[in-house]
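Novice: Sequence order for the protein chains is D and Y.
Oh and the first sequence: position 68 is 94 in our numbering, straight run, nothing missing.
Oh and the second sequence: position 120 is 156 in our numbering, straight run, nothing missing.
The set of hints was computed from the structure by calculation and includes no laboratory data.
One or more hints might be untrue.
Listed below are the simulated SDA-like cross-link pairs for lysine to any residue, each with C-alpha atoms no more than 20 Å apart in a straight line [as the list claims (entries may be wrong)]:
1) Y:Lys599 x Y:Trp346
2) D:Lys30 x Y:Ala334
3) D:Lys30 x Y:Leu326
4) D:Lys104 x D:Ala80
5) D:Lys165 x Y:Leu145
6) Y:Lys599 x Y:Leu339
7) D:Lys30 x Y:Tyr113
8) Y:Lys379 x Y:Val366
9) D:Lys30 x Y:Arg117
10) Y:Lys290 x Y:Asp307
11) D:Lys30 x Y:Ile337
12) D:Lys165 x Y:Asp357
13) D:Lys30 x Y:Tyr320
14) Y:Lys311 x Y:Ala93
15) Y:Lys383 x Y:Tyr320
16) D:Lys104 x D:Asp227
17) D:Lys30 x Y:Ile112
18) D:Lys30 x Y:Asn328
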Amino acid sequence: MQVKVAIGTIAFMLTMIVLGYAALREPARLDESTGAFVGRSIETGGQIFDANCATCHGVNGQAEECYDAGSGEAIPCKGLPLNSYFLVCGEPSQRIVDLGWEGTKFQYIERTVSSGRSGTLMPAWLDQFGGPLRPDQIKNVTLFILNWGDEEFCAQEPSSFAWPDTVDEFMAMDDVQAGDPEAGADVYLNLGCNACHGMPDQEGSNAVGPWLGDIAETGATRVEGQSAMEYVYHSILDPNAFIAPDCPTGPCTDPSLMPGDFAFRMSTNPQDMADILSYLMGE
Amino acid sequence: MATFFEQVSEMGIKQATIAKADEAVERLTAGMNISDIRAALRGDAPRRPNPRLRPHADSFWFHIRPSFYHTEVTHIYPTFRLGWLSTFMFVWETITGILLMVFYTPSPLLAYGNMWNILSNVPLGQLMRNMHRLGAEVMVLVVALHMLRTFLTGSYKKPRQFTWVTGMLLITLTALLSFSGYLLPWDQLAYWALTVFLSGAEAAPAPPVVNETILLILQGAPALGAAGLLRWYLFHVLLLPLILGIFFFVHYYKVVLYGISLPPSREQIGDDTAKRVPKAERTYFTPDILTNELMWTALIILLLTVGSLWFWDAPLEHHADPVVTPLHVVAPWYLAWSQGWLKLADKTLVVGFIPLLLVSFIVMPYVEVGKSRRYADRRVGFTVAFLFIAFMLVSNWMGTPEFRVQSSPELQVSQEVMPQEGNNIMKGVPYEYLTPGVYLPGQEIEGNPWLTNALAAFEEGMSRYSCTLNGNPNLPIEWEPCEVTQTGAGAKYANHFTNDAMPDPYAELRITQRQSDMVKLTLFYLVEDPENPGEFLIDSGDSIYSYRNETSGYTEECRFLNKDC
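Bound conformation, chain Y alone (with noise of 0.2 Å):
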């Protein structure tokens, strides 16, 4: 080829600039020069030899790709997108991963500094780890998704088995990078949902050695600390990334091998004609599958910007204490079936019980072999999986504190109104509005809706946990009427909600100044013992409190939607 010079004199400097620049993007794109890729994006017919077919033989990034689709895979209906968007956000939490892990360091004396760190003096700080942490949830959501329909549309049947099989690895992959990213900001939420998980995994049916052994391994430590923090950190930036890399190549390399299953409707029983599509039916990925991708890459981006700026913000709990345990400890919402498993069986037959589950979910298509993934010819499958999704659910909602999870109803109330950690009413009242004095549950205050709105609350939140015997003229509202038990302990006063109610209480909120910008709000509650008058079921005196500085900035918060106050 003439170089650069001999073009010049040969056809002037415009027209050999336009003819290098043709030629470097035909060498970037391994095939299509400008012109190609006008006419790929006007959508005109290819020039022939196809020259939008030479990248998928030459460029590395397009041979991973098929160069055309079936264009009844090619719809909403039947993928979604979710096997598409599940690596989108593989792909989105490894460019935010790597972005925090610049600010990040995995120890507990600095890993909860960090994190105000990059909330107050990193620029966009905040919006990166809100979009880390959104997008965790969403990916989670986005693969258990791409499962159900995978289930669905029978598309785990023969070839397509082992497709099946890394993709049950996927998502525990999935689940597992999600969780081990929660212990990563050291606060309360992150320390108690690993110490739970952590307990689980001593109580696995196994010899004590065994378990004492994973323990280790998993803690690095006999408690979890300093070791167990570095560990959970490179199990979620080294570790588990690298499995979850290898078995989506070798997942995504079965798609593209068998092809996308077709809507059951459209072969015959027993058929797969995935791979064998004619002329007419088929869409090429460059430009239409293409231009298709970039669009939902634009859109999710959107999305998940928008959403991680006003919408959703990732909870930053006080500074991890081991000596410290929040009320009610609560798994992520996607291990939350587990913690209800736990309240209704052993927690040995629990844990053995997960990895089983995962088993079958492993071998289920070598053992359901039926032909057909008609909807109509599997009503049996679809039955037990609906019964399955129902369980879950139900599970979750075991998992809450709603669910067989009591303390006493003083606490309780104020673990509604006023809880240690986490978002609440009273953090919703700004500060210019938590005027010192006493108020009573369900007192109004004029021209002060917020502190009206969480006394409210708090009258919500003692009617559950109350009952009336004879009435407190101190406190004259009307609860359900006491149900009395006497045990072999006194008696115990019962309302529709608790065996365990307040009969007759007293309760206040005490607001007072405790520095020049900092509040003290207390939760009195006073019962009288009505067998023994003069002594007390409930003096919580000074006990239930917290502070209210006036730069603390809850009410901020407040305006996401994943902030309940």
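Okay, chain D solo, but in the shape it has when bound (with noise of 0.2 Å):
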């Protein structure tokens, strides 16, 4: 029986040694966890994203590379950029910022994905308001999303193209030719102005922002001394500049909700500047 006292005492004693031993280490078993948690998350939402959100937003989130979900050929990327600067890095980011979004960017995201963007293409996903994903699917993808915003990435802000001040002194550069109207409607179509503005051609297509079929006229009257292509060429570098009259849901919000960042976006090619304008000035 004394034998069975001390293997007892013995066992007793080593599992208090074993569970010491897993107290020591259980903060860094902690920090591993939540790691696996956050790492698994953002796997499952890169799927979520590649089945429900790169048709419009790009494999790559940057809209530019659309495929049709169903015959996988190449379409224009209806979407904005989601592996962007402006939205990913900083807290808060560019974007939630010039929104005046009074939160983190997780949560503006989160709850841009669930409930959508209304008037535009981006519909609701969350199931509760007929969307498609459960909530943490919405937070999976949510992730995903701000996981292009790595240390890298965010280092440093993207250079922009240097503007010129005066649409005149744009046009007249030497890479810059003369718009092509045909051009430019794919660009518009690329950058996803139509998301918001509709089509130029089809009066009342536009959904959130100002629809720009007269805008060769209006355009003029809406910042004195300015013609309707120097006012179009600025709304697109600084959408706030000049927050416009009439959107289809009354007067347009202040601050813009269009995205600030097509300065950036257009700095690749400044080409398209000029197209874009030449399409909407009805050349």
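Put the two chains together into one complex, using the hints given.
Specialist: Here's what the structure looks like:
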């Protein structure tokens, strides 16, 4: 019996030692586990993104490479870039500041994905609002989007093309050719302008922003001393420079809902600006 | 009795305190004072009247236990401690279960997140969860072995038939308890295992209205969701433990009433001398049985703790998703036999057979009334029992996906190398060794044993589902030659393993960088139709892939014995 008492006592002490060891390594294990949870959520989010978001926002979320879900053919991207410095870098990120959103960028993306953007092609994805995704899936896809904003990507604000102060100076630049309205129509679609402004040849097709079919005339009335072309040029580069009076749902909101990153998105090929201006001016 | 102050003035403070402590201990133990306990621990003979018997009369916990056992039943044989161990496991599950309840909400919105919260925010949470889940599986095993032991020693025979009946109810309840806990993490494993179970309940051989009502009671709604989770949670933490508790006490009362049966060879055929214990053959509960049980308690706790910490890890798959069925849904091992039967026979037949089997087990001791408990006299019974055990083991094997479950060959290979759920060889490759590139099955990567291993497994998987017709210059591996059979729907290519093999396949593993800390693993298969060159039997494109994030930590899980990667 004494042997049994001894064995039992030793076993009890060993259990205590094992538990003590477990307790000591616990903080490290908890961290690992948190990493595993986030990592796996991002993985799942990536698959959800591929299946649901890439068609409009592009395979890499840059609104550049979009393929039709059925046929697999390349199509213009209808969505905004999500893999963007202005959305995912910094807390709050530039986009959050521009919109006056009072919350984190995580909450902003989660909310936008959940409830969609009314009037645009962006539908509500949360099951409660009629979408196909559960709340946990929306969290996953949000984590995946924010995961683009790693240290390297966010280290430096992307440099923009040095846009001249006036449209005349811009058009006079050596590299800039006269605008091609047909190419401009493609740029209009590829940048997703139609998602908010509708199609210029269809009055009333605009859902969020002002209709641009008559901007060649109305544009000249907005800011004193600015021609229509000058006005559009400035509005693209800085949407908040002047808030247009008429949006489909009443006066346009201030600050503008229009993303401020088109100056950057057109930096790789400034000719796009000339083309889109000529398209909008109905040349 | 004198007050403490009177004692102090009489004996001095030291003696008075000792006397008071002695009195307190005697009250707590309902009869034994400090020197009695010390004498018992030393192994001295008790004084008279024997104070060690008094707790069995006066205390609640001790009155449940007999004051002495027949020495013959206190050795490892014939009980193997399995009944005691079952009880211990029930207590263990109750304690760890209550701790887990603190961190759990039975709601589809929260349950899966709660699991990750337990793993990543609750100190020792993973240990607690592993202990509970490991305990559940050990408990099923121990209870099953207890039943087997009872059968082998003939302990179900008169007068212990009803003990056996309650035991049968207890083993059923144990399996149900273990299984009802399965759903609670609300991951894919849980969701689909229960869905299979419920589809069985729906197929019971009864009028549809009865089946529909049963199903409605079991899941609370037409489909498994929030109501179902709440119900199974309540089954798990309330209803089943309560019923199990009730039958446990009936069971144990009968055990004490009739005594533990002696080894069959120790008594005359037809005798039952368990309760007639000669003085010389008594082993008293205090101190021998008690210290023995305490020793086993300490040892089992140590084993379970070490097991949960280093050797066994509770699985947690992706969030339950009613619209995504994992390729192979498997029942827990202790119910896999039923899944095996489902592959053999009609569902209704199988679901009807299981209760019949249970009833036949319950009535067995009233039908099998042979007097002798001796092994040599029970050859027929043993033969039937061992055939039944063999049948169950084979059925269990048939429950695994290896038996009669087949999808297309490229999905089968992918399931072996990189399934949607569960651990696998790909997850065993650490993130930093997943160098972007294109790799062929069986390729050896210098300085990268992990990826080399995974690619070897890829080739091995391919070899089961591939065959060589003319050879493929892009993947010059010599598979088994194809056996070609012409069917109405085109030629079929077979090897010894499957009759749906890929002729001259091409396959590769593509690793691409998806985000700066995440790679995409794509398994790509291309099989040209040998009869129509230029057309493809299989072109998996980009469809079979999974992501690996740097921090996902799958390799951490691979160190556990029950995670296969």
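Novice: Look at each hint and say if it fits the structure.
Specialist: Hint check:
1. Y:Lys599 x Y:Trp346: holds, 12 Å
2. D:Lys30 x Y:Ala334: holds, 10 Å
3. D:Lys30 x Y:Leu326: Distance ~10 Å between Lys30 of chain D and Leu326 of chain Y Cα, so the pair holds.
4. D:Lys104 x D:Ala80: With Cα atoms ~10 Å apart, Lys104 of chain D and Ala80 of chain D stay inside 20 Å; holds.
5. D:Lys165 x Y:Leu145: holds, 12 Å
6. Y:Lys599 x Y:Leu339: holds, 19 Å
7. D:Lys30 x Y:Tyr113: Distance ~18 Å between Lys30 of chain D and Tyr113 of chain Y Cα, so the pair holds.
8. Y:Lys379 x Y:Val366: holds, 12 Å
9. D:Lys30 x Y:Arg117: holds, 15 Å
10. Y:Lys290 x Y:Asp307: holds, 18 Å
11. D:Lys30 x Y:Ile337: holds, 15 Å
12. D:Lys165 x Y:Asp357: With a Cα-Cα distance of about 15 Å, the restraint between Lys165 of chain D and Asp357 of chain Y holds, given a limit of 20 Å.
13. D:Lys30 x Y:Tyr320: holds, 15 Å
14. Y:Lys311 x Y:Ala93: holds, 18 Å
15. Y:Lys383 x Y:Tyr320: violated, 53 Å
16. D:Lys104 x D:Asp227: It holds: about 18 Å lies between the C-alpha atoms, which stays within 20 Å.
17. D:Lys30 x Y:Ile112: holds, 14 Å
18. D:Lys30 x Y:Asn328: holds, 6 Å
Hint compliance for this structure: hint 15 alone is broken.
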